[in-house]
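Read off the chains here:
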Amino acid sequence: MTTVAEAVATARATVERLTKVKRLHGLLTPTTELRKSLLQQAQAAHPSGVLYGMPVVVKDNICTLDFTTTCGSKVLEGWRAPYDATAVARLRAAGALIAGKSNCDEFAMGSSTEHSAYGRVLHPLDKTRVPGGSSGGSAALVGAGAVPAALGSETGGSVRQPAAFCGVVGIKPTYGRVSRYGLVAFGSSLDQIGVFGRSVHDAARVLSVISGRDPRDATCEDRDPLRLPTVPESLQGFVIGLPKEYFPAELDPAVRRACDRAIRMMRELGAAVREVSLPHTPYAVPTYYVIAPAEASSNLARYDGVRYGPRFNGATDLRSLYRSTRGQGFGPEVRRRILVGTYVLSSGYYDAYYRRAQQMRALIAQDFRNVFDRGVDLLFTPTVPSPAFKAGEKLADPIAMYMSDIFTVTANLAGLPAISLPIGRVKGLPIGGQLIGQAFLEDEMIEAAYALERVVPATDEA
Amino acid sequence: MSPPWETIIGLETHVQLRTKSKMFCGCSTAFGAPPNTQVCPVCLGLPGALPAANGAAIGLAVRGALALGCTVHPKSVFARKNYFYPDLPKGYQISQFDQPLATDGTLSFLSSERGVVNAGVVRLHIEEDAGKSIHDRFPKATAVDLNRSGVPLIEIVGGPDLRSPAEARAYLQTLKQLLEYIGISDCDMEKGSLRVDANVSVRRTGETALNTRTEVKNINSFAFVEKALTVERDRQVALIESGGAVTQQTMLYDSKENSVRPQRSKEESHDYRYFPDPDLPPLVLTPEFVAEQQSELPELPGAKRDRFVASYGLSREHATVVTATRAVADYFETVAKTSAEHQAAANWVMTEALADAKDHNDQLRVSPAALSQIIGLVKGGTLSHQAAKRVFAEVAAKGGDPRSVAESLGVIQVADTNVVAGWVTDVLGAHAPEVGRYKNGETKLMSFFVGQVMRASKGKADPKLAQRVLEEKLAS
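One line per chain: the protein sequences are A and B, in this order. Taking the working numbering, I'd label the letters of the first sequence as residues 990 to 1451. Taking the working numbering, I'd label the letters of the second sequence as residues 12 to 487.
Isolated chain A (complex conformation) (with noise of 0.2 Å):
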């Protein structure tokens, strides 16, 4: 695409196909403003860029310039941030066009973006089971075919999950490879803004334009931006490792019967596999839910009413506002994770669980330094133990919707890059396939994507 008028064609096909599965919810953005938006974007973007014309949908709890970003939650409903995030900026600069702020878990906590405070999303395939979550928008708009890329975010899994759910492409990239400046905080040391695209091509080429150095985030690595590999003809020198861990005696039949098929694929394409062991493995989600809500807690501190979002019923003084604001403001999952954070960080409890949970997360990390040490490149294994589930099934008990991160949230813990790719499907649902790779080698790990996403059959049953 070069021409101006090719752009504008594009945001007005792109308008039309995000209108026609408005049914799915996956959008936040109106549609009127959407449009408006859209064809000022397509004239005003630059046709030298790499992305140029390509729409972006970006979770809303990524900030913009155009559309509010509310994080999914009332507590900032209305609220237009005054700067872009680097990630959108850089899209911008790529000549992409934002294509809408899409539906997500209030402030990213969650696996079925059903703790949205504004509905939930529905699953492109079946309107009875969830997209996956926290980033189920961005993950049910690809999926429906409506743009070919999304940025979302990961804390635990948030990209990778409702990829798998949803059967396109979602990569969690390391820590400190994109910029968080504009990425709504909820567990700062494991926050990471991830890509969906339709194959691992649309979305390496996006991660490739977001990624790289930016002064205004610290954690963010000195690093030039991620250099694309080229297709490789085979896996010859590769070799993939298959925790055990992951692959437990109680992982439905169907994902597993996915997982030999692809993993054959590989052998197939000259791949060495061999099994390893990640032993710290089932302290993982235990960890996480200390470390991530201990964070939370307190970057979610700044939502008190007194600088902007909305003014909540009762507020007549200072303690009154915060008790309306945050009690009104903040929907149950976000509570329920502030008091958790708020319980392991007080003096007296501290030691026993935010310090001993960081002990662990050296652990964690420490098995995958083992395993890469001793010449394993990269590890195969499910993004999550079963296909999308049913709204409303884990509402009710946290803790299953908790466990619905167990091999994903162990990439975050250690700060890892990881894709999640389709690899089947069982009675129709994608199932999703994850390559864990080694900090900043994303090259390496998304070369091997690109082998197993041009010969695994990704929407035959398994």
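Hints are computed from structural coordinates only; laboratory data are not their basis. You can trust all of the hints, since none of them are fake.
In silico lysine to aspartate or glutamate, DMTMM-like type, Cα no more than 25 Å apart, as pairs:
1. B:Lys86 / A:Glu1210
2. B:Lys86 / A:Asp1206
3. B:Lys143 / A:Asp1306
4. A:Lys1063 / B:Asp98
5. A:Lys1063 / A:Asp1306
6. B:Lys86 / A:Asp1340
7. B:Lys92 / A:Asp1206
8. B:Lys92 / A:Asp1306
9. B:Lys151 / A:Asp1306
10. B:Lys86 / A:Asp1211
Here are a few chain A residues that face chain B, going by a calculated C-beta distance under 10 Å:
11. Asn1050
12. Cys1052
13. Trp1068
14. Ala1070
15. Tyr1072
16. Arg1169
17. Gly1171
18. Ala1174
19. Leu1179
20. Cys1209
21. Ser1286
22. Arg1291
23. Arg1296
24. Tyr1311
25. Gly1337
26. Gln1347
By construction, the Cβ of each residue, glycine as well, lies at the ideal position given by its N, Cα and C atoms.
For this one, chain A is given, so just place chain B on it according to the hints.
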């Protein structure tokens, strides 16, 4: 007999670092701008904004730590101090907690009671300032100004080493002098760039254990330090003497009433839930960086004072006065070096120069070269001391070369014996009775005659020459 009560004081001092921009964003730190005009997403704590540490502020903090003889740690950690307050936009303050920038320093100051005291500096850490709540601007409402939000501070925690309110004042003055010398802060209490809280307890003389302490806050002017601490000490002593006990609490000083009142308990007893700030990697300082900061340190006031005593023969008291600020010390030293009249230079600086500066915004208006010349003119007998003061004032006000100024003022001393003899003859003729008394042995009248000659000459006569001529004439 020693007094029955001993006071134990430790000061926690917050010092604003002299940087152009804030600690974690690029906003200006200039004082006095209209409310909420020096703000950005970072210091407003907007969703998604992240802090990036200001390297210049870190350099200044390290210089402060080095000047206080602290151990500067190669690795320190920024931590979040969590509490809710309307002028704290993120709901937490970025500070340092269990791994501060520096620890274990000393500040030596002169106590009027105990001589030189080496007070301990327990720790020095970097933090960001909060905004300002303004309660008296709008009726029934509090306004928040976030211009100050994110301004870089260091907190200097002193040990419980001060023994009286006067010592607390002396400590603070010495600290202020040191920080101004090294140029890391304006240390202006009225503008809030230096703030002090005090931990105070009392014990009977001879006791060694520390008793329950209170923290005195809201001491917002230099003049109130001693007053506030005296009030609190007296309150504690009276309380214990009447059979009560001190409870650990925060006391707020009211300068209008010169009294303290306990802060409402609702306002305190925070659990700050400190934890390492995940947005900021540990602060790692290379030995090269620390060495560079060390090399940026000027001669410190104590060393300078000692050197002035040794090199210029000044008394310790005079040396203390002329080293009070770096500007005055540099001024004195330039004058002293060019005039070779060290004591005269000190005298001029301590009197005329400082008095003039005090009335003119601390500006030393007479250049060191000009003052040096004035001193030379006095020494050479060209100017009387009185005339020299007039010349100094004139040069201060209008500038110019001192000799030309003296000439145009007509105050050059007359050293011509014939001319002086003329004035002497006139004076003696006009004061026959005094001449008689002098000749009868009342020789102390000499100064009267000299004065009269000076008067007759309108200050132009060289007083030494006048005296000699007088002595000759009166002897005949």
